[in-house]
Amino acid sequence: MRGLDLGYFIRRIGMFLLVIFVAASFNFMIPRLAPGNPIGAITSRMSNASAGIENGQAMFEAYRERFGLDDPLYIQYTKYMWNTLRLDFGESLSAYPAEVWDIIGPAIGWSISLIGVSVLITFVLGILIGALLAWKGTPGILKSLLSLTMIGGVLPYYLLAMLLLYFFAFTAHVLPMSGAVESGMARELSWPFIKSAFRHAILPASSIILTSLGGWALSMRGLMVNTIGEDYMLLAEAKGLRKSRILWRYAIRNAIPPQLMHLAIALGHVVSGAILVEIVFSYPGLGYQLYMSIVNSDYTVIQGITLILAVSVGLAVLIIDLVYPRLDPRVTYVAESSG
Amino acid sequence: MNTATVQNNTRPNSGVNIWKTARVVLGFFNNNRLFTFGVLLLLALFLFGYIGEMTTSRKMADMGAAKLNLRPSAENLLGTDGLGRDMFTVMVIGIPNTFKIGFLAGAVGVLIGALMGLIAGFYKGYTDTIFSSFADVMLVIPTLAILITVSAYVRVVTVEIMAVIVGLLSWPLPARLIRSQTLSLRERLFVDVARLSGQNDFEIIIFQILPNLTAYLAASFVGAVSGGILASVGLEVLGLGPQNVPTIGRTLYYAFNYSALFKGMWWWWGPPLVTLAIIFTGLFMMSVSLDKYANPRLQGSTHN
Amino acid sequence: MLSNVKTKPVDVRTKTRADRILDVRNLRVSYQTGGGQVRAVNDVSFFLRPSERLGLVGESGSGKTTMALSLMRLLQSPAVIEGGQVLLDGVDLLSLSEEEMRRARLADIALIPQGAMNSLNPMLKVGEQLRDAVTAHMDSGGKTSREARIFDVLESVELSRNVVNAYPHELSGGMKQRVCIAMGILLKPKVIIADEPTSALDVVVQRQVMETLGRVQSELGASIILVGHDMGLMAQFVDRVGVMYGGKLVEVSPVREIFKDPLHPYTQLLIGSLPTLESKENFKGISGMTPSLLTPPTGCMFHPRCPQVLPHCQVEIPPLVEIKPDRWVACHLYNGS
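Respectively, the protein sequence lines represent chains A, B and C.
Here my numbering is used: the first residue of the first sequence is 1, the next is one more, and so on.
Here my numbering is used: the first residue of the second sequence is 340, the next is one more, and so on.
Here my numbering is used: the first residue of the third sequence is 644, the next is one more, and so on.
Chain A with its partners taken away, still in its complex shape (with noise of 0.2 Å):
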C-alpha cells in the first residue's frame, strides 16, 4: 500500500542538507586551498588600501573578524558554518557597508523571473514537440519543422545570446541592448514596468529556450518512444479510445514523470548555466552580480552567490523527490526505503 514513509522524508531532507553542508565547504576551502593564498593577499590589499578610503579601516577589521583570520583553522570553518547557518553573509566588501543580502536579494528575483520562466517554457515546449516527434500520427510535415528546433542545440547558450544582442539590438534597435529594465525605472508593479521588463527579457530568454529546446525535445521523444512501445498503449487502442485521449492521457502523461527529475537538475543548472547569458545582456540578476563580484574581488558576495545556487537546486531537487511518488504511483515512499 502506497503511505507516506517518515525515513523516505528524513532521507530526502538529509540528502538536501548534505548538499548544502557539501557546497558550504567548498565554499570554505577554495578560497583557502587556491595557490597563493588569496585570503592572505586579500588583507593585504586592502590593509594597504583601507587607509585612503573611507571606512577602510572599518572594513577591514570587519572582515578579520568575521572570518576569524587570526584564529586556527577549525575556529574558522566553525564560524564560518554557523554564520551560513543563520544565511549570514555578512557586507559586501566592493560595496561596504552594504550586506550581501542587499546585492543578493534583488538579483534572485531577476534571476527567477527571466530563468525560471525561461526553463518553464522550454519543458513544456520541449514536452511538446518531443511528444509529437514521437507520435505516429503527427503529419511528416510537422515533424520535420519541429526537427528544426534541434539546431539550436548546436550552439552554446551564450553564443547565441551573443549572436541575438548583435542582430535584434545592436544593429536591428528592436530590442533593448542590456539590463532589466529602463535605467532609472522605479521598481513598482506598474504597467510600463512590466511591459519594460518583459522587452528586456525578451533575448536573454530566447537564447536560453532556443538553445536548449532541442535537447528536451530529444529526451522526451526518447521517452514517448518507450512508453509507445508498452503493451497498454495496444489495449488503450484496442478499448476505443480516441486518439487525443490516448496521446495525452496514456502517451504523455506516463512519459512525463522522468522529464520532471531532470527539470529538477536542470533549473539548477541553467541558474548558474545562465550566469553567462546574464552578462551577456548585462541582466542584473545572479549570475551577472556573480561575475561583477568576481571582477571586484567581493569575496564575499561570491560566497554568499554560490551558496544560493547550490540552496536553491538543492530544494527543486528535494520538492521533485517528495512531489515523485504522488506523480508516479509506480514510485511508492515505502518502495523506495526497501529497495
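Check each hint, because a few of them may be wrong.
[Unchecked claim] Straight-line C-alpha distance at most 30 Å; calculated DSSO-like pairs for lysine-lysine:
| id | chain 1 | residue 1 | chain 2 | residue 2 |
| --- | --- | --- | --- | --- |
| 1 | A | Lys243 | C | Lys903 |
| 2 | C | Lys831 | C | Lys903 |
| 3 | B | Lys602 | B | Lys406 |
| 4 | C | Lys967 | A | Lys243 |
| 5 | A | Lys143 | A | Lys243 |
| 6 | C | Lys768 | A | Lys243 |
| 7 | A | Lys136 | C | Lys768 |
| 8 | B | Lys602 | B | Lys463 |
Hints are computed from structural coordinates only; laboratory data are not their basis.
Using the hints, position chains B and C against chain A.
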C-alpha cells in the same frame, strides 16, 4: 552490440585478431553514419588546426605581431584582430587547445565516473548508497558556479589544470549511467559462469562487465567532452580560462571586450563562432547516434 | 446489429449466413520491411458461430497474433491490411472509417491482450481505466449507469469493488488479467479476441482465470477467439481449433476430432509431438525450420517439412475446403476424396 560482446566473453581470451576488430569497427562506422559524420567533422577541424599550425609561426599569435584590424587577405588569411594578432594563427593554435581541454576533461570525468559506477553497481548495498549519494550531491551542485569561483581565486591556470578541474566536476553523470548498467549486468548468467570458473571480483569487473559497457562508456565520454568544452569555453569567454595561450573562448573574450561585434569585424568573432558550431554539431551527432545505440527501442522508431 | 456503428449502406452488408457472427474472407496482411514484403497473413478465411469458442494455434511467427490484431485493425505501422473482408454481423470492419472503427472496438469486438502484466496503464487507477473505456463510447451522461456497469463486470470476474481504487502494480498477475477480462466484457461485445491471455501466469492461476473467462463468455453469449500455442489449454476450453502455419490457415476442425483424427500433416505432427502420459520420453519435435515469410516456398507452405509430400505440393497452393461436415483442411492429400 551486447550479444556480440557477450559471445566474445564466453570464449577464453583468445588472441585478438586485429583484422576482425578492424572489421567490427568499420562495420560500426558504416552502420552509424551520423556518428561517423560527427567524427569526421571533428577530425577535419582537428587536422585543420594541426596542419595549419605547421604552416605558420607561433609568433604571429602574439600581440602586435601584425598591423591592427586588417581584413582577411592573402597575407593574413583570416585578417588580424584589434591587438595585431594574425587570426589564422590564433585559430590554428586555439583549436587543438580547445580539443585538448575537452578530451582531457572527458577522459578524467569518464575514468572517475566509470570507476565509481562499476564499484557502486557491482557491490550494491552500503557501498552503493555512499557512492550514489555522493554522485547525487555532486550532480546537484552547480558545476559552472564552482568553476567560476575556482577560476576567480586561481587566477592563472594552464590548459591542463583547467581540463582536470573541469573533468573532476563532470564524473557524476557517467557514474550514474555506468552504475545502473552494472546493476543489471551483474545479474546476468555469464557473470555467474565467470564466478563459478574462479574469477575474482576484479577480473569479473574488468573482463566480464566492462566490455559490455563499451557503448555506454562511449556515450558518456562524448557527453563529458561536450560538457567539458561547453564549460571551459564559457569560462574563457568570461576571461577566466587559461591566460597565456590562445583558445577559442579567449579569442571570443577579446573580440567582445574590444567590441568586434559592433565594429563590424566579422573575421574576429566569426571564426571562433563557426569553430564552436562545428565542434558542437559533431559532438551532438555523435551523442544522438550513441543514444540510439544505448537505447534499443529508439531504433525501431526511426523508421516511422 | 452493431450498436455503435452507423448502419452502412446496403452494399457493404455482404450476404452472410445467419449462423456466422464473424466471417473472415481472404484476409491478407503484410509487413513492409527493408528486405521486402512479408506476408504474415496469407489469404485466410474462417468464420465464427454465435457463442462459439474458436481456438487459433500455431508456432510463433505463424501469423496468429497478427491476424487476431488485424481483425480489430490494431496493427502498427509497418503492417498493412492488403485485402479481404472481416464481416462482423454482416458489416465489413475493414471498410469502416477510423471513427466508426474506434466505436466498434470494445463495443462490438473486444481484445483481451497478451501479456496482461503490462497491459494496464501503471499511472492510472483501475477504476479510471475502466471509466475511460466506457466514456469513450458514451455520447453523454449516464454516470450512475456507468459506475454500476463497472461494479457489475468486476463482480462477474470475482474481483472486489475496491480494485477501482488500486493501481495496477498493487494487484497480482491473476487479478490484473481479471481486470482485463472485465474490460473486455464491459460493453457486452459480440466477439472477444483473447490473445494468449494467460501466458504470463502460473498454471494454477491460469486455470482459475480461464474458468472465469469461460463462465463470463457463456453468460454474455459472446463468441470468443482464443489465440495460443498451448494445445492442452485448447483441448479444455474451445469448441473448434484453427491451425495456422506460415501465415495460412491449414486446418479448422472441432476440437475432439482434431485430437482424435488430425487431417493436415502439420496438425498430425503437432498433435503427435504433444507429450502424453504414456509417451513422455518420446517427445519429438517437427523436423525442419519454420518457413521464411520473406521468401516463402512455392505451392504449399508446409511442403519442405511435410513427410507425405506429393509432387503437386510444390506447385499449387491447396485451398481450404470442407472435406467432411465441419472439417476444413488445406491439403492436396484430400483433393477429390
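Lys602/B paired with Lys463/B [C-alpha distance capped at 30 Å]: violated, 59 Å
Restraint status (C-alpha distance of Lys243/A to Lys903/C at most 30 Å): violated, 47 Å
Lys831/C paired with Lys903/C [C-alpha distance capped at 30 Å]: violated, 35 Å
Holds or violated: Lys136/A to Lys768/C, with C-alpha atoms at most 30 Å apart: This hinted pair holds, its Cα atoms lying about 26 Å apart.
Straight-line alpha-carbon gap Lys768/C to Lys243/A, limit 30 Å: holds, 20 Å
Pairwise hint evaluation, Lys243/A against Lys143/A, where the allowed Cα distance is 30 Å at most: Judged against 30 Å, a Cα distance of about 18 Å means the pair holds.
Pairwise hint evaluation, Lys406/B against Lys602/B, where the allowed Cα distance is 30 Å at most: Holds, because 17 Å separates the two Cα atoms, which is no more than 30 Å.
Pair hint outcome, Lys967/C versus Lys243/A [Cα-Cα no greater than 30 Å]: violated, 46 Å
Hint compliance for this structure: hints 1, 2, 4, 8 are not met, and every other hint is.
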